[in-house]
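*Asks:* Under mature numbering (1 follows the signal peptide of the UniProt record, and there is no 0), the residues of the sequence shown are numbered -21 to -1, 1 to 173, in order.
Worth flagging that the hints you see were computed from the coordinates, not collected in a lab.
Source: prediction; values computed, not measured.
Any given hint could turn out to be false.
[Stated by the list, open to error] Distance condition first, Cα-Cα at most 30 Å in a straight line; then the derived BS3-like pairs of lysine-lysine:
#1 K161 <-> K128
#2 K128 <-> K97
#3 K116 <-> K161
#4 K116 <-> K128
#5 K116 <-> K97
#6 K97 <-> K161
[Said to hold, decoys possible] Distance windows between CB atoms, simulated:
#7 P130 <-> K161: 19 to 25 Å
#8 Q94 <-> G65: 34 to 40 Å
#9 Q129 <-> G93: 21 to 27 Å
#10 E150 <-> G93: 36 to 42 Å
#11 E34 <-> S102: 36 to 42 Å
#12 Q129 <-> V95: 29 to 35 Å
The beta-carbon is built from N, C-alpha and C at its ideal position, and this holds for glycine as well.
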Amino acid sequence: MKTTLITALGFVLLSSAGAHADHAHADRAHEDHAQAEHKMDHGAQMAAHDGAVYEIGALHIERPFSRASLPNQPVGGGFFTVTNTGSEDDRLIAASTSPERADHMEIHEMAMDGQVMKMRELSDGLSIPAGETVELKPGGFHLMMMGLKQPLVEGESVTVSLTFEQAGTIEIPLAIGALNAKGGAAQGHMTHGN
């Protein structure tokens, strides 16, 4: 538990450091962004720009993304929105990525406990109630890639496998955004210049 909490604290601090660095360069980055050529692979571009919806059973998964990692950062997050259009509850029970990317993945929750933000593994998975949408986002529910073997590089993507109790298993690409990315590019955070 201490190791998970320390790892979580390190992840939050590293993400915060990236946010401060990005803020210092926000004006220049905003101007450069409109003219920049993005280095995303085709799969990440499709997910980011066409509002791709990944479907399995009654579940619709949208805006999958991750954040770039710093060198030697041991963990990375995974985020997306999942809508259960069916009449039965489902549950995200497992997530994985290639062993070349990370040792393993866990499903986590960050929540306030008094005045302290704590992260914990959801060992029973994450409930996806019928007719509802659940958002995995920074500071809330999320996937955690543990023991990163290589950095998560902005503009690339990482493929993850999601296993749901009822719907089954699906592979989706997480488009890797900036250190402080708050949402998938389909929300309008990324555009191509002319």
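*Asks:* Please work out if K97 and K161 have their alpha carbons no farther apart than 30 Å.
*Replies:* Holds. K97 to K161 sits at ~19 Å (cutoff 30 Å).
*Asks:* Take the C-alpha atoms of K116 and K128, compute the straight-line distance between them, and say whether it is at most 30 Å.
*Replies:* 23 Å, holds
*Asks:* For the hint 19 to 25 Å, verify it against the beta carbon of P130 and that of K161.
*Replies:* 20 Å, holds
*Asks:* Take a quick look at whether K128 and K97 sit within 30 Å of each other, Cα to Cα.
*Replies:* Distance of about 25 Å is within 30 Å: holds.
*Asks:* With respect to the beta-carbon atoms only, verify the hint that E34 and S102 lie 36 to 42 Å apart.
*Replies:* 27 Å, violated
*Asks:* For the pair we were handed, K116 and K161, check the Cα-Cα distance against 30 Å.
*Replies:* Since the Cα atoms of K116 and K161 sit roughly 7 Å apart, the hinted pair holds (cutoff 30 Å).
*Asks:* Compare the distance between the alpha carbons of K161 and K128 with 30 Å, and conclude whether the hinted pair is satisfied.
*Replies:* Roughly 23 Å between the alpha carbons, so the hint for K161 and K128 holds.
*Asks:* Between the alpha carbons of K116 and K97, is the straight-line distance 30 Å or under?
*Replies:* Status holds; Cα separation ~15 Å.
*Asks:* Take a look at whether the Cβ-Cβ distance between E150 and G93 falls inside 36 to 42 Å.
*Replies:* Distance hint for E150, G93 holds at roughly 39 Å.
*Asks:* Taking the beta carbons of Q94 and G65, is their distance inside 34 to 40 Å?
*Replies:* 39 Å, holds
*Asks:* Has the hinted range 21 to 27 Å been met by the Cβ atoms of Q129 and G93?
*Replies:* 37 Å, violated
*Asks:* Would you say the C-beta atoms of Q129 and V95 sit inside 29 to 35 Å of each other?
*Replies:* With a Cβ separation near 32 Å, Q129 and V95 satisfy 29 to 35 Å, so the hint holds.
In the structure shown, a violation is registered for the earlier hints numbered 9 and 11, in ascending order.
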